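S.K.: Residue numbers (this note's numbering), protein chains in the order written: chain S, 3 to 372; chain G, 448 to 758.
Mixed in with the good hints, there may be bad ones.
[What the hints assert, rightly or not] Sample of chain S residues at the chain G side, in silico, Cβ under 10 Å:
(1) Trp-101
(2) Val-125
(3) Phe-203
(4) Leu-269
These are calculated hints, taken from the structure and not from any lab test.
The structure presented is a predicted model; accordingly, all values stated were derived computationally and were not measured.
Backbone N, C-alpha and C fix where the C-beta goes; we use that ideal spot for every residue, glycine too.
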Amino acid sequence: METRYIRDTFCATSLLLMALSIALGVSELPNGAFVPIILVIPAVFAWRGCNRPIDAWVVIGGAVLGAFVIVEGVHQQPLVGRSNAGLWIFLLAIWALAWRGIDRVANYSSLITWRQRLADIAVPIAFGLWLLFLWEAVVVGLSVPQVLLPPPSMIGVKFAASLSILWADFVQTFLKAVVSGYILGCGSGLLVAVLIDRVPFLQRGLMPIGNMASALPIVGVAPIMVMWFGFDWPSKTAVVVIMTFFPMLVNARAGLGAAGRLEEELLASYGATYWQTLLWLRIPASLPFVFNALKINSTLALIGAIVAEFFGTPIVGMGFRISTEVGRMNVDMVWAEILVAAIAGSMFYGIMTLLERYFTFWHPSYRKST
Amino acid sequence: MTTSVITNVDTTGLSRPGWFSRALAGNALPVLIVSIAIIIVWYAATIYMNATMQVDQFERAGQEWSYGELVAGTMSQERPLLPAPHQVIAEMTKTIFGKKITSKRSLVYHSWVTLSSTLLGFAAGGLLGVLLATGIVHSKALEKSLLPWIISSQTIPILAIAPMVIVVLGAVGFKGLVPKAMISMYLGFFPVAISMVKGLRSPDVLQMDLLRTYNASRIQVFGLLRWPSSMPFLFASLKIAVAISLIGSIVGELPTGAQAGLGARLLAGSYYGQTIQIWSALFMAAFLSACLVGLIGVVERIVLHRMGARQ
Numbered sequence: 003m004e005t006r007y008i009r010d011t012f013c014a015t016s017l018l019l020m021a022l023s024i025a026l027g028v029s030e031l032p033n034g035a036f037v038p039i040i041l042v043i044p045a046v047f048a049w050r051g052c053n054r055p056i057d058a059w060v061v062i063g064g065a066v067l068g069a070f071v072i073v074e075g076v077h078q079q080p081l082v083g084r085s086n087a088g089l090w091i092f093l094l095a096i097w098a099l100a101w102r103g104i105d106r107v108a109n110y111s112s113l114i115t116w117r118q119r120l121a122d123i124a125v126p127i128a129f130g131l132w133l134l135f136l137w138e139a140v141v142v143g144l145s146v147p148q149v150l151l152p153p154p155s156m157i158g159v160k161f162a163a164s165l166s167i168l169w170a171d172f173v174q175t176f177l178k179a180v181v182s183g184y185i186l187g188c189g190s191g192l193l194v195a196v197l198i199d200r201v202p203f204l205q206r207g208l209m210p211i212g213n214m215a216s217a218l219p220i221v222g223v224a225p226i227m228v229m230w231f232g233f234d235w236p237s238k239t240a241v242v243v244i245m246t247f248f249p250m251l252v253n254a255r256a257g258l259g260a261a262g263r264l265e266e267e268l269l270a271s272y273g274a275t276y277w278q279t280l281l282w283l284r285i286p287a288s289l290p291f292v293f294n295a296l297k298i299n300s301t302l303a304l305i306g307a308i309v310a311e312f313f314g315t316p317i318v319g320m321g322f323r324i325s326t327e328v329g330r331m332n333v334d335m336v337w338a339e340i341l342v343a344a345i346a347g348s349m350f351y352g353i354m355t356l357l358e359r360y361f362t363f364w365h366p367s368y369r370k371s372t
Numbered sequence: 448m449t450t451s452v453i454t455n456v457d458t459t460g461l462s463r464p465g466w467f468s469r470a471l472a473g474n475a476l477p478v479l480i481v482s483i484a485i486i487i488v489w490y491a492a493t494i495y496m497n498a499t500m501q502v503d504q505f506e507r508a509g510q511e512w513s514y515g516e517l518v519a520g521t522m523s524q525e526r527p528l529l530p531a532p533h534q535v536i537a538e539m540t541k542t543i544f545g546k547k548i549t550s551k552r553s554l555v556y557h558s559w560v561t562l563s564s565t566l567l568g569f570a571a572g573g574l575l576g577v578l579l580a581t582g583i584v585h586s587k588a589l590e591k592s593l594l595p596w597i598i599s600s601q602t603i604p605i606l607a608i609a610p611m612v613i614v615v616l617g618a619v620g621f622k623g624l625v626p627k628a629m630i631s632m633y634l635g636f637f638p639v640a641i642s643m644v645k646g647l648r649s650p651d652v653l654q655m656d657l658l659r660t661y662n663a664s665r666i667q668v669f670g671l672l673r674w675p676s677s678m679p680f681l682f683a684s685l686k687i688a689v690a691i692s693l694i695g696s697i698v699g700e701l702p703t704g705a706q707a708g709l710g711a712r713l714l715a716g717s718y719y720g721q722t723i724q725i726w727s728a729l730f731m732a733a734f735l736s737a738c739l740v741g742l743i744g745v746v747e748r749i750v751l752h753r754m755g756a757r758q
């Protein structure tokens, strides 16, 4: 039988790169003394192979420690020539190490539910943190102008410092314009879908138009709405209503036709009236489609409200803040606002997903697949 | 022969549905009627919304007016609250056919500016989407780490921060086409990536097993099985991608100070209250969007037909 000395190529690569970076003087950095200690980890696993789950955690731990050394290092400006090259090679070494760890955790499978779930959640979080680290290291290390891209640490500081402004913008744009427009738009879309249910003529006439309208750049009506409804939030609400109406109409229509033939015949044999069938069979059966539209609309609504603010607004609101702070080149404030938008958008989407799980728990996509 | 038997049957005696009920059964007539209804409602709204201003105008001129004149007046204002459809169409014909294509007043010129960045962004986004999907299908680590972030990337309203991307990239020397195309790309890659992950996984287990027994390599499995069977998914997602790429370009044109493009026409129109200009830009955008989606539909039909799909 063939004897393999190197059992893990990723760890071996990492080991090589790390040795090279030490030769280039990465240990001269503050906390650089940790580097030889981290070096032990890939050295061990390159020969032993990195197979058990605990190995993955050790590897990731090493990568995290290395990441700290790098972040400390890049903030010590200016970098001296020799240790500079070593730093970037060390970054590559850490990258290989982190990839090995994430790869192991991603392929982890356990029959114990909480362990599996922990592994499934850990991978994307680790990946996100890795991206943040890379962003910080590259932006600070290469001294990218802050106008182009501020490092995450700077955005975090700005975010914490201007909470009251951000909250006022959030209230104006999200709580007033988005929520009211979202409820009105989705509600009316759903209502129209149910109303035209009994008129096949209208369905055939309206649905192709609705399908086409969902592909149109509806956000372009924003200047018209601002002209009609004024600068304050009602004009933004109007844009959101128009943007969310068509996706909901189209999806709800598709959903109302989704009930199975067998179930419909069963209800017919019970002598159920049209309204009873609608309430007890067709509306519940349409819920997966309706929630699909609700999720699409959650993003559209936020976009519509913010874009509408570019066309005229009182001096508060997320879109207003973004456009004025860009003009003043306060890019860190803009990114703080983007962070707010990202959190609001993800939360909105997340809430819709939770509601979807609660109401459509019976749908095949939530059943456990083997 | 069976065919001749069928053709010899005399159908003249049987009652066939008349043209009217046949038209009613299809989609064309209902769509036509609904469209006409929309236009009628539009005209009514034009009269209603512009009436106050028209009455004002008459009274300021100290002019006697009849209802006929009022209605005619509401449809021929310079800057109406809501322009009548024929005003928009007149403006469009004037700016499409009446001006030289290179003129800054020509709608064709502005459409081309928008279209070029849309197409560049769409191509880049489609390519990125396919590459990401290929990576995700082949590596579990990529799937678990990348897929959640791809999905959550779309809950960030990128369209809303598009102006910042444009201004900031412009400040460091990237101007014109590329920044707009980047926004189109960011929007366009998502539907392609998500749907291609599904598409590349769509071959059924039996087919995959067959290729396995032939000892096919991953590249061969990809070329022979995964890629061909993902075609319907690819085209469905490309249609969505091209539509939102167009939206991305239009929004990307808003902050550049109304230089060129359909977005710039919207912004300039809203600055100077030129509602007819806004509406004609909107119509042009809708027309472009419909054309692009239609074009992909045609390509889809040709490709699927050549692959042997039955319509």
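S.K.: Are the hints correct? Go through all of them and say.
M.R.: Hints, one by one, checked against the model:
Hint on Trp-101 (chain S) holds. Least Cβ distance to chain G is approximately 7 Å, under the 10 Å limit. Below 10 Å, beta-carbon pairs count as interface contacts, and Val-125 (chain S) has one with chain G at about 4 Å; its hint therefore holds. About 5 Å separates the beta-carbon of Phe-203 (chain S) from the nearest beta-carbon of chain G, less than 10 Å, and the hint is met. For Leu-269 (chain S), the shortest C-beta to C-beta distance to chain G is roughly 27 Å, which exceeds 10 Å, and the interface hint is violated.
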